[in-house]
Every structure is written in structure tokens, then in C-alpha cells.
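Chains as they are written, first to last, in the working numbering: chain E, 1 to 507; chain R, 1001 to 1301.
Simulated from the structure, these hints should not be mistaken for laboratory data.
For glycine and all other residues, C-beta sits at the position ideal for the given N, C-alpha and C.
Derived, one-sided and incomplete: chain E residues facing chain R with beta-carbon distance under 8 Å:
| id | residue |
| --- | --- |
| 1 | TRP292 |
| 2 | GLY294 |
| 3 | VAL359 |
| 4 | ARG438 |
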Amino acid sequence: MTAIAPLREIGELPRSPLPAPADGGLRESDFRLINDSGFGDGLNNYAHSMAWFEGKLYVGTTRGTWAMTKVNTPVPDLKPWPTECPDDVYQVDRRAEIWCYVPETDTWTRVYQAAYVKGRTKPVVPRYIGYRGMTIFQGPTDAKPCLYVSTWAPQQAEPPDILRSEDGVTFGTVPRPPWDVTVRSFRTLQVFKGRVHTSPTGSSGAAGKSQECVASEAAVYCTDDMQTARWQPASEDSFGDPTNLTVFEMAEFNGHLYAGTVNAAQGFQLWKTDGASGPPYQWKRVLQHGAWRGPFNEVCGSLCVFKGALYVGTGIVNGGYHRAEKIGPAAPELLRVWPDDSWDLLMGYSRLTPDGLKVPLSGYSGGFDNIFNGYVWRMGVHGDWLYAGTMSWANVIPYLHVEMWPEEMLVLMQRWGKEEMVRRYGGCSLYRSRDGVRWEPVTRSGFGNKYNWGIRNIVSTQHGLFIGTANPFGPTVAIRRDKRWVYVDNPRGGCEVFLGGEPDAGK
Amino acid sequence: MIVSAPLLVLSAPGAEAARLAAMLGRHPAAYGLPELNLHLAPTVEGLLSVFQVTQGNAQDGLLRVVAELYCGGQGDADIVAAREWLKRRADWSSMELLDELGERIAPKLPVLAESSLAWRLLEVEAWLARVPDARVLQVVRHPRTQCAELASRLQGPLFVPPDYKDYGVDPAVIDPQLAWYRINRNIGQALGALPAAQRRQVQAEDLFAAPEDTLRALCGWLGLPFGEAALYRMMHAEDGPYARIGSTAAPYGMELEFHEAPQFSGRLRPRLGLEGPAEWRRDGKALAAEVVTLARSYGYR
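With the hints as constraints, model all of the structure from the sequences given.
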């Protein structure tokens, strides 16, 4: 008799999915695939932004992410590389696209594609390689509410600016905030009290030094008019704490603007302001030290308001292992903050904190009991339910050296082997809850496609719930065949979009 | 609906719930079941699937009881037969299986302790919703003694489930008070929805200090006749069919400390105060205020 096995008995045990309730929550079978393989181009890896605008769904893509990862340092130690990529990332067509879906006709149209422009040293480079955020806003000089899109520019191009469209067909540009040229991308465009707020998200100091989730500055900027670009600082840089590397995510809740940071040294912080004076506003810190978990809660990755509380999804950049800072791998948590700044741990790891004893009220440990989940990437409310989606790096397992893995992963590896681990854990998860405490899985397999490694966007509409995925395993993927690795076309590589709801919903 | 609504005994690990359940299960009008873990999946097929991937012994109790009741014993061959018996009923719901077991032992009162059920509030609630007539006994124990014993046990193995650690410090340290609080809180919340007559709470220390009085009171609540013969049987839980470590194919089925010493010894560490450092921690931190408050609500000082 060993002492290990019985002790596992008294901890959490794996569960199989609960039966679906008959009270309106969406099940996996309620979703249908309305776009596969990156709109027919597997290089459209991420459905990186989504918005509902004038009765249509708009999806902004980010392209060629594995090609980009390959040229950054430190490079992940993967063998072989998961997709076939040239050594020069500029050989990949990374011109980011915006697609439009019309529910009534069930049709997609590409409404925008980034131009090729002259690079700083290269003759032709894409103007934008991704679109990480969208919002609908009407400023004083806008004749009507417009679709605004935040962009991601490659190092060879001019810094990123903002796309603007009145009709969803014609796109122009408006200026970005007065950031340093090292700022290469931004994502959140958060409307609050008549102003749009944003912050830099990605940066590049030099070739090969790009960081998609860590910016070179950490201030919130705002403007009441996007066209005239009267951008003003809304916060002190890093909220006065230099360990805050980036202001990553924002949301409006209870009459306040909330902003969550990336903080590799201590763990993320969450700040709020009532915006009563300024800009710049007076801010108050609500959470610190990654809600007292430390750097394993490095990032405030997602925010969502639901039934009187602000839900906070955490993570570690680079998919759960911050290569440059050597943080992780570790699974994310889900928290909720109440208007009085008190907070609950919903999913994650128990701890004694200066704010009191915290246990996961849902009963799930980190990553919804899945250590391969690197972030809670997106949340959304549809009907009476909150949906939370993850990013999972399990599908990278076949390409990883396992010597560096945590002990519990090695135990599983020895028990099952790599292929079985991918089969069991591959693909992102989507969970749902009606109260934030009782969670049930919608899918734990990327809607049956293990290459969907992230739930990247969730948009609720009268036509149903749209889910956009991140799927970088296209257009080719490395597979093992006859004891050697080969690259093959991947028909399920590239971002996908699912629509969940009753067949006649919205009609 | 099962023939005789079961008695479900719940506690945080280390509160001697398995022992008390086994003792009550030895009453002539009751039948003590091992842990069935039916909450792990909604169907028998799902249960078998979970059992296949789990690293522990979650399946042992169910296999042992099926082997005992339907396959003629608990030897290795009987356990194999029990697994086949379950496979043939893969399309059953888990609660249909509980129904079947209840009919098999009827008219005796089924008694079972489920040590992994209350980690998740949703699952306790779901279990109780499916067995609405069940009576539930919550066994509580002083957090200082319960956690100290559990911490001592957890020092040995290489792998300690994260549920027993405090992640507020780096590296995380073993601190069972977090599990004590989490599970007891879940049980209290789930039982709050039950009619008062269907739920009861007992201190483990009372069982050890005054076993006859405690068992008499519980039998009275359950409507079981109490007398010398019944008391004798209940005081000898080690004679139950699942008390001892079983065959290699399914050795356990109940909490390990009960399997290791199924005889009732009458010894339990005395109640200690709630104040002062948590002895299993090296940083001198006291029991958390939330733990102290919950323990006080159970009558501990």
C-alpha cells in the first residue's frame, strides 16, 4: 500500500460533465460552427476582436502568430515548430482582416484588409497584423455611433493607430494616443462617462524583442472625441507603481472605471476611479499582489460585470508561462469584486490573505481543474448566464521538452503519454454559471477541435451567443507520422466562430 | 425513488465521519455502504470513465459493494465481475444505481459517508436534489486537532493535493484549515435548504467521549430501535464487510484512517482552544478568523 493513492482520494477528483439543465443555459450541442479554418485562410489565427454593430457581427483577426513567436526572444523551446514558418516573418502574409457576418443570410464578407506599406528597411510590410479590440462610440464629431478598432502594427511599419467606420464597410484611421513609437499594439477601447479609454498592450524595443502583452509604458489615455484625438492621460504611469508593466484590461462597473494591470514582480493590481475629476482621474487600488497569490496571477486578463459584481479572470502572459520572466506554468483563477471592494475567490487556490481566508467557492481549483489552462481569456453574459472561456496550451504538449514540467504534470504524462494527454486536455474550455459559484462545463475540448486553444471573444446578441476562438495551428500543423514529424495542411486550423442558441432565436 | 432514503454522513476529511457511518451502518436495521462516489458522473458509463482516469481509489467502494451484494464476495475475481456488472448497466443513471443498491439491501437503512462530495457546493446540492428524502448527518471536529492530524498525514506523500495548501505564501505550505473551512461551509450551505428534521450535526469528540449516548441519540433521530444488541454491533464496526482493507483489485472504499484502525478505541485527541498559533505552520500564524467563527458556531471554544 502506498501513502500517495489514498491521499489523492481526499482531494479533488476528476468529474465527468453534469447533465444539462433545462433552464436556458447553452450546451455544447446548442452551438453551431459558422466559420471554420480562419475564414478559409488558416493564417487568420485569432478572432482577436469582435463587436455587434448595426445588426451585424464584426470580427478582427490576428495572423501568423506562430511565425511571429518564432522570431521573438526568448523563443519557446519547441521541436518541431508547431506550424511550418519561414525564418523571416515578413515572408508571411500577415495583413490583418476584418470580417462581417449577417445572421439573416448566414454569410461572411471580408470588409477590410490591412494594406501593404513600405517598411523601415523592407520594401513591403503589412500595415496591421492584428486587431485586438473593438468598440462602438459616438463622439461630438461623429454623426452617428461608429465602429472603432484598435490595431497591432509590426515593427517595420508606423506605430498603430485606430480604425474608424461609420457603415462597417468603409474604414478610415484616427490617431492613437501620444505613445512612444515602441508601443506596437493596444486592445481595450473602454467607453466610460462619454470618453474612450485605452492603454498600450504590446511593445517592441528592437528586432526580436517584441512582447505582445507587455507594453513599454503603462498609462491610461482617454478622449471624448476619437476623430480629433484629444487624448489626455487618465492615469499616472503605472498607477505610480513601476512594477505595473501594462494596464491590460478595463471595464465599467458600478459607476466606476476599473483597470487591471500586468505585474510580473508582485501579481496584477486592479484599480478603479469614479472619473469625477480630471482627467487625469483619482484612482484607488482595489486588488494587489495578484489578489495575494503573487506573480502566478500576473495578469488581469478579463473583466466582466454580472449580477452586481465585477468578475476578474487572471493568467500569466505567453499562454501561462511568461518566458522572459520565467513565471509559471500555472493555472489561472477567477475572482469577483463587489462594489465595496470586497472580493471572493471563485475558482483557484485557497489562501490566507490580509483580506481574509479565501477558498474557491465553486470548488474548482485553478484553470477549472485543468493546469493546462493558461488564462481565463474572455467572459460574457448571455441571458441569465455568465460564460467564461479559457486559453489552453495542452495542444503544444507534443512539441515540448517535458524535463522542465511540474511534478503533477509528469505524473500524468507517465500515466497516459503525450498523445493521450492532448486527447484528454487539448482545446480550450467554456464554462457557464448563473450565480458565479455553481459552474458547469459547456465544452472542455475547444468545441471538439483541439486546435481551438482559446476562447478569445464572446458577444451576446438577440441572434444568440457568438464565440470566437484563437487557433494558431494553421494553415499547416506538425504531426508525427511513421516515426517522424511532417507538416500537413490542417483543415481545422485558423480561428473559428460558433453561434449558440435556439435555431430560431432572433427571428 | 430509493426504497429507504439513505443516511448521508458528511464531514471534512479527518473528522471520523467514516467511522461513525460504519458504526451506524452496523445497526441491525441499517446497512453501511462504502463510499460510492456517484456524484462524479451522472451515469454509470461516466463513472467508469472517471474511474479509469483517476489516480486514486475512487472506484474501490462501488466495486466492493457490487461485488459483495451481487458477485458473491470481494476477492479479486469478484471485483472483476463487479466491474463487468457495472459495464452491463452503463446506461443507468448514477441514481438508478443507488436505487438498485437500496432495493438490494431493503428494508435496511442505507448509510454512507462520502468524503469527496462536499468539496464542491454544486455537487452536494445536486446529490441532495436527486435524493430529496435523504437524511444528512454532518460530523464536525475541532479544527485544531483535526487539522493537526491531517497535516501530519500530509507530510509523508510526495504529492499533496492543492486543496490542502495555503497559496498565500511562496512556496505554498500545507494548511488543512482551508479545506476544513471550505468543506464545512459547503455542507452548512447545502444543508440549510433541508428541513430541520432531515439534518443533524454531531461533534466527533462526543462520539468518542460518550459513544453510547451519542449513538442512542442518533438512533432516536433515525427511528432505529436502540438496545444492547444494537449497541454491541455498532461498537464493532470492524466487523462490517467493508471495514478492512480489501483485495488488491479494490482495497479501500472508506477513509484511510478508518481502514487502518477500524476498531473503536475510544481515544481521540482532546478539544484544544481555538486561540494561538496553528501548530502545523511554521510561521506562527493563528487559525484564521473565519475558521474560528465557524468552529464557534459548532460549539467549540
